[in-house]
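We have chain A; now place chains B and C onto it with these hints.
Each chain, written out:
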Amino acid sequence: MPKVTMRVNGREVSGEVEGRTLLVQFLREGLGLTGTHVGCDTSQCGACTVHVNGLQVKSCTTFALDVDGAEVTTIEGMANADGSLSVIQQAFQDHHGLQCGFCTPGMVMAAAALLKENPKPTEAQIRHHLEGNICRCTGYHNIVKAVLAASGQDVSAIAAE
Amino acid sequence: MPKDGIGASIKRREDVRFLTGTGRYTDDINLRGQSYAWFVRSQVAHGKLNKVDTTAAAKMPGVLRIFTAKDFEGVGGLPCGWQIHDRHGKPMLEPKHPVLAEGKVRHVGDPIAVVVAETEAQARDAADAVVIDIDELPAVLDMKAAVAGGPLVHDDIGSNLCYDWGFVEENKAATDAAFAKADHVTTLELVNNRLAPNAMEPRAAIGDYDFATDMHTLYTTSQNPHVIRLLMGAFVLGIPEHKLRVVAPDVGGGFGSKIYHYAEEAFVTFAAKQLRRPVKWTATRSESFITDAQGRDHVTKIELALDKQGHFLALRTETYANMGAYLSTFSTAIPTYLHGTLMAGTYKTPHIYVNVKAVFTNTVPVDAYRGAGRPEATYQIERVIDKAARELGLDPLEIRRRNFIKADEFPYQTPVAVVYDTGDYDATMNKLESLADLAGFEKRRAESAKAGKLRGLGVNTYIEACGIAPSHLVGQLGARAGLYESATVRVNATGGVVVMTGSHSHGQGHETTFPQVIAEMIGIPVESVEIVHGDTANVPMGMGTYGSRSLAVGGSAMVKATNKIIAKAKKIAAHLMEASDADIELKDGKFSVAGTDKSVEWGAVCLAAYVPHNYPLESLEPGLEETAFYDPSNFTYPSGAYACEVEVDPDTGHVKVCAFTAVDDFGNVVNPMIVEGQVHGGIGQGIGQALLEHAVYDGNGQMIAGSFMDYAMPRAGDLPFYKVDHSCATPCTHNPLGVKGCGEAGAIGSPPAVVNAVVDALQRAGKKVSHIDMPLSPYRVWSAIQNA
Amino acid sequence: MYAFDFVKPKTLAEAVKALGAEDAQALGGGQTLIPTLKQRLAQPAVLVSLSGIAELKGVKAAGGSLTIGGGTSHATVAKEAKAYPALAALAANIGDPAVRSLGTIGGSIANNDPSADYPAAVLASGATVVTNTREIAADDFFQGMFTTALEPGEIITAVRFPVPEKANYQKFEQPASRFALVGVFVAKYAAGVRVAVTGASTEGVFRWTEAEKALSANFAASAVAGLAVPGGEMIADIHGSAAYRAHLIKVLTGRAVAAAG
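Residue numbers (our numbering), protein chains in the order written: chain A, 1 to 161; chain B, 1001 to 1788; chain C, 2001 to 2261.
Quick caveat, the hints were computed from the structure, so don't treat them as lab data.
Incorrect hints may have been included.
[As the list claims (entries may be wrong)] Derived DSSO-like pairs: lysine-lysine, alpha-carbon spacing no greater than 30 angstroms straight-line:
no., chain 1, residue 1, chain 2, residue 2
1, A, 3, C, 2057
2, C, 2250, B, 1767
3, C, 2079, A, 120
4, B, 1011, A, 116
So that you can see chain A by itself, here it is in the shape it has in the complex:
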């Protein structure tokens, strides 16, 4: 079987895969990084979102072999070096931006990609950016609020709503 090598969360890893092995399968089954989830099979839900070379991608819609040599970041690599929650993760906790937690890794990865491009997004820009991430629990209210808060914007008016 072909071999694939990549840096995942700063660590060089490699493994044997099939041509049809998806990146998400390599992460979950090959590396045991089960934080990245699979919520659909039509590339719509975004629970599998990771970063490849800094770009937001769906790991269920990318072959492991196609990212050979790439730099991959998953939810497991998002906390601060000392293990504390990053600003985005902390904002999700502070503003109750998650319930069952299943879509959460994808949401955090999507939010991180947005804030890198656009450090002070508007509510509309956040909602637009999250188009490819489906959440069934929160009605998105607190997710959008958490992303606004993570970008340093005042959300006290929303809190009152």
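Using the frame of chain A, we list chains B and C on its own:
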């Protein structure tokens, strides 16, 4: 009082694992030697199953074994948990629901065979090589056609009519008489659209078997592991409960769809023993669409009789409720006792009669989905009231106020069997009026008009019944289970507390909120309390989480057990301080003797319980652990008033939700942040039902909205920020916390608000549209405008 | 997915060679092909990823035209196609951010999904599709849904857009997939106006010539208002009837003209 006790919006402790990718969902679990199951499913909705040829498939690489119905001879069918008796006292028709299809397939997705192989890819590759010989039969999909002599879904029971239920049958004559005398009758025919629950985590199950101990373990995506243990063990596989452990670890949302016992759970448990290897199955989303029990799917005619002033005189309904191809675990209770009992809403309607015909069709089984029966009831009532108001020229708020049960009329006996304990519907409506700034609507409408958009306002109220109970009553009504909850509270020698609860958290935050209650009762920090749930090996018994019952029922059991703990601890403290039991007070984690400065810390009492050197051994056992079961005396009745403002684009039919306001009465609230989150989520799903979602089949029974490509899930851009309020609280009178339940409210209360708003927008624009069936997709709204 | 071999050439020449193998299939960003493979609706023996070929990537503006490498992602076009703002805006609204990270213009138009956005821009712009062997005019390229003028093994190396005076793309999304239920791209050139419609027709992307004629005479939304809805066989499904789609074409064309200014 601790700052993190009842009423504090403390952050959720479970978030840390979910935010760092260290949660443990069923599919994250991998057992040594694990094999993989792939289900071969029917591609047709209805057919005679002639032959399943597994010869070629069995020779494919990695295949361990292929199972068909033959392997399940002697194994029971999946049971239905509630037996309904019809209008004439006759029990419902109850066909067998085999684990794998026997002789016939009855819906697309019906499992026929299962390949177990070394890898999932191998199992799926081999599944393609299983040859199935089916004679396709005409599918029956339309409910009215199904009961009017359509093809039989189950030949052996002789009818597609599961039951014809009347509620309350004795009300029928008086209701009809009231209609005959009424000044005005408003009639509305409507469809409550079929929904796919779509918890984001697809279902998964792993069966494991230990030959040495004859112990079975099932890991499964369940809202109620003990219920699965009972149903699967006792009715399907014949495994005694002490030889069967069911674990529901982190579960990625349920919304009802993970209450039921499914074939895949029984299969992996069965196959693990046969193969002496763990067997894992994880659904694809495509599989979820054709195997997870779906929700709603009622076709209703509702009539409301009124006098000239708009007072309600009587209400009468006829509903066809789709059961799908088989009876799912609680399917039969949904259109009956969770729907008929709520038909009074928040109003004084003297006569109510509800008729429900439950019908078999060649579709996926239908069962409880967030709200379960209550959204269907609310939608009918609130839509027909809106129509009546329009016909009588009354303001939609005024007609509701005129008919509200008043705050001083509780407890209130409705004509549909239930007694509401508390409520103040005028208060919630008044609050809604100010919070949603209804006075400013006309100004906002004018602004929308400038942009070519039609703005509309919809309001409604809802009543919910949570924590279905009491057991002796539901038993009389046909429930085959009790509806209590249990909790064991274990205090450790060093003062920490572990609560083993039968409630199950799959997003609700019990690990955070339950400790808040204990912290409040004992006066210790929340960090001293740990919650254990979701494993039959660790929790004595549990009925699980659904129907917004966790805090009202499970929380009450925990309070009962904690009260026993406190009572015993007081005896120990009394002994330590050489005082009388009756004089001991517990406050802020300290026991003191009333009227003295003598006190002893919580921790010292706990230590004494486990190191009983100075201890009343002759009258008191050592240790500090108590179990309690709580069986509620009544439902709880949350209620609320909702408002929705929409903008309709008349050129495209697109509906934008501009504002949504929810005022709820949940009684007492333990963690407002979490309660608000529950309401947000419910509203999101309710708006989804109203505008987007439809699990629709074609004429052959193929699910044409069988993926997220055609089943429209609400996304961030479809929804606004919501305004929510729960300040109009009338605490429940019959549970110790005074709590009511908040999990389903949003999904119950929001669909009529949205539809009322769209109809309002069109009516204000002069379009004669009195109703549009959900989902109000752009196409449907545009079509309604064209046909007006 | 069925099993297949995966190759990732570094040059166009290597890719062309790899695609010469039996049942070989090119893989662009994979955002449509991979879901198709997952449903077992395609069974290539070899998948040839084009993502490692640097020469297929990039956006270049020169002499009134904009050339986009076939392997350029939607996100890159959204950022770098400043010379053609309507095209950049279209790219910024394809799918979702993850789709835009990997999905490519070459992959999109080679697939010619009847609901894809890019075909409308390519056709309305009268763009030229450049392959490893030839140049194909947009009017010749699209040949009905999922069908193009491409020969087996032919790779889109670039798409060359003449930059219009004014242009705009209006998309009305299908509520579930968020693909275009109907999308209309209007582009005004000195030589006249071109209007291309995606999402609506059973024939795939097409030009609405009546609207082109009316708008060439008078580039105003009012010029569209008087037209009959376009004829032709429209798609009908749970999200909209043929008549609804035809109606939306007219509405969106008017809006695109108004937005183009």
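Taking the hints in turn, this is what the structure says about them:
Annotation: proposed proximity of residue 3 of chain A to residue 2057 of chain C holds, straight-line Cα distance about 26 angstroms (limit 30 angstroms). A distance of roughly 22 angstroms separates the Cα atoms of residue 2250 of chain C and residue 1767 of chain B; the hinted pair therefore holds under the 30 angstroms criterion. Between the alpha carbons of residue 2079 of chain C and residue 120 of chain A the distance comes to roughly 18 angstroms, so the proposed pair stays at or under 30 angstroms and holds. Taken as a hint, the residue 1011 of chain B and residue 116 of chain A pair is honoured in the structure, with Cα atoms around 26 angstroms apart against an allowance of 30 angstroms.
In the structure shown, no violation is registered for any of the earlier numbered hints.
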